[in-house]
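**Student:** Residue numbers (our numbering), protein chains in the order written: chain A, 1 to 115; chain B, 1 to 113.
Hints in this document: simulated from the structure, not taken from any laboratory.
Built from N, CA and C at the ideal position, the CB exists for glycine as well.
A couple of the hints might just be wrong.
From chain B, some residues computed to sit far from chain A (all C-beta separations above 12 Å) [claimed, not checked]:
1) L46
2) L66
3) K71
4) A113
In silico lysine-lysine, DSSO-like type, Cα no more than 30 Å apart, as pairs [what the hints assert, rightly or not]:
5) A:K11 to B:K112
6) B:K22 to B:K57
7) B:K58 to B:K22
8) B:K57 to B:K71
9) B:K42 to B:K58
10) B:K58 to A:K57
11) B:K68 to B:K58
12) A:K57 to A:K14
13) B:K22 to B:K71
14) B:K42 to A:K11
15) B:K37 to B:K58
16) A:K71 to B:K68
17) B:K22 to A:K57
18) A:K57 to A:K11
19) B:K68 to B:K100
20) A:K71 to B:K42
21) B:K100 to A:K11
22) B:K112 to A:K57
23) B:K68 to B:K112
24) B:K100 to B:K112
25) A:K71 to B:K71
26) B:K100 to B:K57
27) B:K57 to A:K71
28) B:K112 to B:K22
29) B:K71 to A:K14
30) A:K71 to A:K57
31) B:K42 to A:K57
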Amino acid sequence: DTGVSQDPRHKITKRGQNVTFRCDPISEHNRLYWYRQTLGQGPEFLTYFQNEAQLEKSRLLSDRFSAERPKGSFSTLEIQRTEQGDSAMYLCASSPGQANTGELFFGEGSRLTVL
Amino acid sequence: GENVEQHPSTLSVQEGDSAVIKCTYSDSASNYFPWYKQELGKGPQLIIDIRSNVGEKKDQRIAVTLNKTAKHFSLHITETQPEDSAVYFCAAGANTGGFKTIFGAGTRLFVKA
Chain A
1 DTGVSQDPRH KITKRGQNVT FRCDPISEHN RLYWYRQTLG QGPEFLTYFQ NEAQLEKSRL
61 LSDRFSAERP KGSFSTLEIQ RTEQGDSAMY LCASSPGQAN TGELFFGEGS RLTVL
Chain B
1 GENVEQHPST LSVQEGDSAV IKCTYSDSAS NYFPWYKQEL GKGPQLIIDI RSNVGEKKDQ
61 RIAVTLNKTA KHFSLHITET QPEDSAVYFC AAGANTGGFK TIFGAGTRLF VKA
């Protein structure tokens, strides 16, 4: 399977705990994006990477959120001290930057439930 | 900031009828307008896109139109089939380095057999 993969698919945690999500993009894609999607809403942009460089972060991304892409391949999104409002689907997408087509290839998401 | 409005939020049609979803955007710099389809439990998948130098694009039963002056764009699905039932998102992006894409809130389409 050469699509975008995300792990874990589901995470249930208690308020105050830290969680980390992993995204493996399509191998030749150098752009990687994180989006958050809540029920009945469209994906909201959080941040994106060009190779290992984090080039833009949304105002939605509070200090409790941090994303990394250390070697320009997989990425992690960590949420510290989770709150109930963090419950959402976290979507990762990649795109072939050089081709600059704009198309995003999404993974199936990591669903977070904060109790 | 950038904003994409999408209407209607829910649309129910009879199989074989047409479905139209409309969107407006706020950022004049936007030059790329994709449409994504999301099925239950899956990530969104691109179904068609249009760029600002084109007014209309068609791919089999799907067509998109763009009015840059009015900042409107629309998705038209003809001869709808039950498998078209899903959530559809319009989006707007600008080629300013990373093609940051802003999504509408989505339209849940039901096609009744």
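**Student:** Indicate, hint by hint, whether the structure satisfies it.
**Tutor:** Results of checking the hints against the structure:
1. The non-interface label for L46 of chain B is inconsistent with chain A: the shortest C-beta to C-beta separation is roughly 5 Å, within 12 Å.
2. Separation of L66 of chain B from chain A is adequate, the least Cβ-Cβ distance of about 14 Å exceeding the 12 Å criterion.
3. Every CB of chain A is more than 12 Å from the CB of K71 of chain B (nearest about 17 Å), matching its label as outside the interface.
4. Distance check on A113 of chain B: its Cβ is at least 25 Å (rounded) from any Cβ of chain A, clearing the 12 Å threshold; non-interface status holds.
5. For the proposed pair K11 of chain A and K112 of chain B, the alpha carbon gap of about 34 Å is over 30 Å, so the pair is violated.
6. Of the pairs offered as hints, the one joining K22 of chain B and K57 of chain B holds, with about 15 Å between alpha carbons and a cut-off of 30 Å not exceeded.
7. At roughly 16 Å between alpha-carbon atoms, K58 of chain B and K22 of chain B fall within 30 Å of each other, so this suggested pair holds.
8. The straight-line distance between the Cα atoms of K57 of chain B and K71 of chain B is roughly 16 Å, inside the 30 Å bound, and the hint therefore holds.
9. For the proposed pair K42 of chain B and K58 of chain B, the alpha carbon gap of about 25 Å is at most 30 Å, so the pair holds.
10. Simply put, K58 of chain B and K57 of chain A have alpha-carbon atoms about 34 Å apart, too far for the 30 Å limit, and the pair is violated.
11. About 18 Å separates the Cα atoms of K68 of chain B and K58 of chain B, which keeps this hinted pair within 30 Å; it holds.
12. This hinted pair checks out: K57 of chain A and K14 of chain A have alpha carbons roughly 26 Å apart, not beyond 30 Å.
13. Using a Cα cut-off of 30 Å, the hinted pair K22 of chain B and K71 of chain B holds, with the two alpha carbons roughly 11 Å apart.
14. A hinted pair counts as satisfied when its Cα atoms are at most 30 Å apart, and K42 of chain B with K11 of chain A qualifies at roughly 16 Å.
15. In summary, the hint linking K37 of chain B to K58 of chain B is supported, as the alpha carbons are separated by about 16 Å, within the 30 Å threshold.
16. Of the pairs offered as hints, the one joining K71 of chain A and K68 of chain B is violated, with about 39 Å between alpha carbons and a cut-off of 30 Å exceeded.
17. Distance hint between K22 of chain B and K57 of chain A is fulfilled; the C-alpha atoms sit about 28 Å from each other, no more than 30 Å.
18. For the given pair, K57 of chain A sits about 24 Å from K11 of chain A by alpha-carbon distance, which is consistent with the 30 Å threshold.
19. Proximity of K68 of chain B to K100 of chain B is assessed by CA-CA distance (about 19 Å); at most 30 Å being required, the pair is judged to hold.
20. Between the alpha carbons of K71 of chain A and K42 of chain B the distance comes to roughly 27 Å, so the proposed pair stays at or under 30 Å and holds.
21. At most 30 Å may separate the alpha-carbon atoms for a hinted pair to count; K100 of chain B and K11 of chain A meet this at roughly 27 Å.
22. A hinted pair counts as satisfied when its Cα atoms are at most 30 Å apart, and K112 of chain B with K57 of chain A does not qualify at roughly 41 Å.
23. Simply put, K68 of chain B and K112 of chain B have alpha-carbon atoms about 33 Å apart, too far for the 30 Å limit, and the pair is violated.
24. Our distance criterion of 30 Å between C-alpha atoms is broken by K100 of chain B and K112 of chain B, whose separation comes to about 35 Å.
25. Between K71 of chain A and K71 of chain B the alpha-carbon distance is near 39 Å, which puts this suggested pair outside the 30 Å criterion.
26. Restraint check for K100 of chain B and K57 of chain B: satisfied, since their Cα atoms lie roughly 22 Å apart, inside the 30 Å limit.
27. Straight-line distance between C-alpha atoms of K57 of chain B and K71 of chain A comes to about 39 Å, which puts the hinted pair past the 30 Å bound.
28. Only pairs whose Cα atoms come within 30 Å are accepted, and K112 of chain B paired with K22 of chain B is accepted, the gap being roughly 21 Å.
29. Between K71 of chain B and K14 of chain A, the direct Cα distance comes to roughly 43 Å. Violation of the 30 Å bound is thereby established for this hinted pair.
30. Using a Cα cut-off of 30 Å, the hinted pair K71 of chain A and K57 of chain A holds, with the two alpha carbons roughly 19 Å apart.
31. For the hint pairing K42 of chain B with K57 of chain A, the CA-to-CA distance comes to about 24 Å; that is within 30 Å, so the pair holds.
Hint violations for this structure: numbers 1, 5, 10, 16, 22, 23, 24, 25, 27 and 29, all remaining hints satisfied.
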